[in-house]
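K.L.:
Each chain is listed here by its residues.
2 protein chains.
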Amino acid sequence: MKQITFLLIAVATLVGVVAFTAPASRAANEGAPAIFVTKIPSGYRDWKLISVAHEEGNLNSFAAVLGNDVAIKAYREGKLPYPDGTIIAALHYGHVSSEENNKVFGRSQSFVPGAPTNIQFMVKDSKKYSTTGGWGFGHFKDGKPGDEALMNTCFPCHNQGKARDLVFTRYAP
Amino acid sequence: MKQITFLLIAVATLVGVVAFTAPASRAANEGAPAIFVTKIPSGYRDWKLISVAHEEGNLNSFAAVLGNDVAIKAYREGKLPYPDGTIIAALHYGHVSSEENNKVFGRSQSFVPGAPTNIQFMVKDSKKYSTTGGWGFGHFKDGKPGDEALMNTCFPCHNQGKARDLVFTRYAP
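If you're matching them up, the sequences are chains A and B in order.
Just so you know, we're using numbering that gives the first Met the number 0 here: the first sequence kicks off at 0 and counts up by one.
Just so you know, we're using numbering that gives the first Met the number 0 here: the second sequence kicks off at 0 and counts up by one.
With the rest of the complex left out, here is chain A (with noise of 0.2 Å):
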C-alpha cells in the first residue's frame, strides 16, 4: 500500500512538473496553481532605467525600476506584449525626509530613498508562467521570497493592466 501511494504521488508529481514545462496554452492551464519568481535575477542593480515611482499612504515607498536588455528594448519601441526573457525590477526603498539636503536648501522640500525595504521582479515567460498572464511576480525582502498568502495577490492586481501586458510602469525619457 505504501509503494502504492508513493507511487501516486511520485506520478502526481510528475504530471505537475510537465504541466508547468510543456508549452502549454494559457486555457489548458487555467485552475494550475500559479508559480512565482523564487530566485533574484543576477545583476538587477547594473540595468537601465526605466522610470522612478512613489507611493504614498501604507507604502509610503520610494521605487527605481530598472530593467534588463530586452526589456530596455521593448520599452523605447514601444513593443507589445513583452517578449520571453523581459525582467522588470523594482527597487523599493521607504520614502523619507532629508535633513541635510534640507539645510543646504533651507527649508523642509527634500526627499530622498530610506532603507531599502523589498525588491520586486516581473519575469515574462509565456510557458513557464501561462497561467498568470506570462508574468512570473517575485518579492524579496532582505533576500527571502514573500510567502504565498502575499505572491497570490500580484497577478489578480497586474491583470487590471491588460492594456499594457500587465505592466503599470511607463518609460520615463
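Derived from the structure by calculation, the hints contain no laboratory data.
Quick caveat, the model's predicted, so the values are computed rather than measured.
It is possible that some hints are incorrect.
The list treats identical chains as interchangeable, and a pair is accepted whether it falls inside one copy or across any two copies.
[As the list claims (entries may be wrong)] Straight line, CA to CA, 25 Å or less: simulated DSS-like cross-link-like pairs of lysine-lysine:
(1) K140 <-> K47
(2) K161 <-> K102
(3) K161 <-> K72
(4) K47 <-> K72
(5) K78 <-> K47
(6) K127 <-> K72
Fit chain B to the supplied structure of chain A, relying on the hints for placement.
P.N.:
Just chain B, lined up with the frame of chain A:
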C-alpha cells in the same frame, strides 16, 4: 588703431584660453570666471542608477540620478574625492499624480514622472574646472544650456557639501 585693438583682443583671448587649459592650481585660478558644461554628455540615459530624489515646493521635481562607470565605481567603493572622469546626471521630471495607477489601487496615492523638465550634470575635471571645486556644472532644458545667471548658482550651493566633494546624492543600494 583697428589692428592694435584686434591684436589686444587676440592676446587677451589667448591668455584666457591658456589660463583655462593650463594645469593651474586652484589658488592660481581664484577669481577667474567659472566655466560650465555646455554639451550634453553622450549616452547618459544608458548609465546605471545612483539614486532617486524628490523635491517639493516650487521645484516639485522627481529625479533619477545616474552615473557613468567612473561615477558608479567611485560611489560603490566610497571613494572621495571623485576621480577625474566622473559624471553624474540628474534627470528631472515633474512629480505628478498617476490617475491610472490610482484607479488600480482604489485610492489616490501614486506619483510618477511627468514631462521632463531639465537634465543636470556634474563633470569632474580637476584642472578644467579648478575654479569650481573641480566640478563642471551643466543644466539643459529642451537640450539648451542654462544661462549664466542660473549657472552661477550651482557652485556656491554645492560648495556647502565639501565633506562629500560637493555631491549631495548618496548611493541607493
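K.L.:
None of the hints should be skipped; say for each whether it holds.
P.N.:
Evaluated hints:
Taking identical chains as interchangeable, the C-alpha atoms of K140 and K47 lie at most 25 Å apart whether they share a chain (22 Å) or sit on different chains (22 Å). For a Cα distance limit of 25 Å, the shortest separation of K161 from K102 across copies, 14 Å, qualifies, whereas the shortest one inside one copy, 45 Å, does not. Taking identical chains as interchangeable, the C-alpha atoms of K161 and K72 lie at most 25 Å apart only when both belong to the same chain, with a minimum of 20 Å there against 39 Å between chains. In the homo-oligomer, the alpha carbons of K47 and K72 lie at most 25 Å apart both inside one protomer (10 Å) and across protomers (16 Å), since each shortest distance falls under that limit.
Taking identical chains as interchangeable, the C-alpha atoms of K78 and K47 lie at most 25 Å apart whether they share a chain (17 Å) or sit on different chains (23 Å). In the homo-oligomer, the alpha carbons of K127 and K72 lie at most 25 Å apart inside one protomer (22 Å), although the nearest pairing across protomers, at 36 Å, exceeds that limit.
Every hint from the earlier list agrees with this structure, and none is contradicted.
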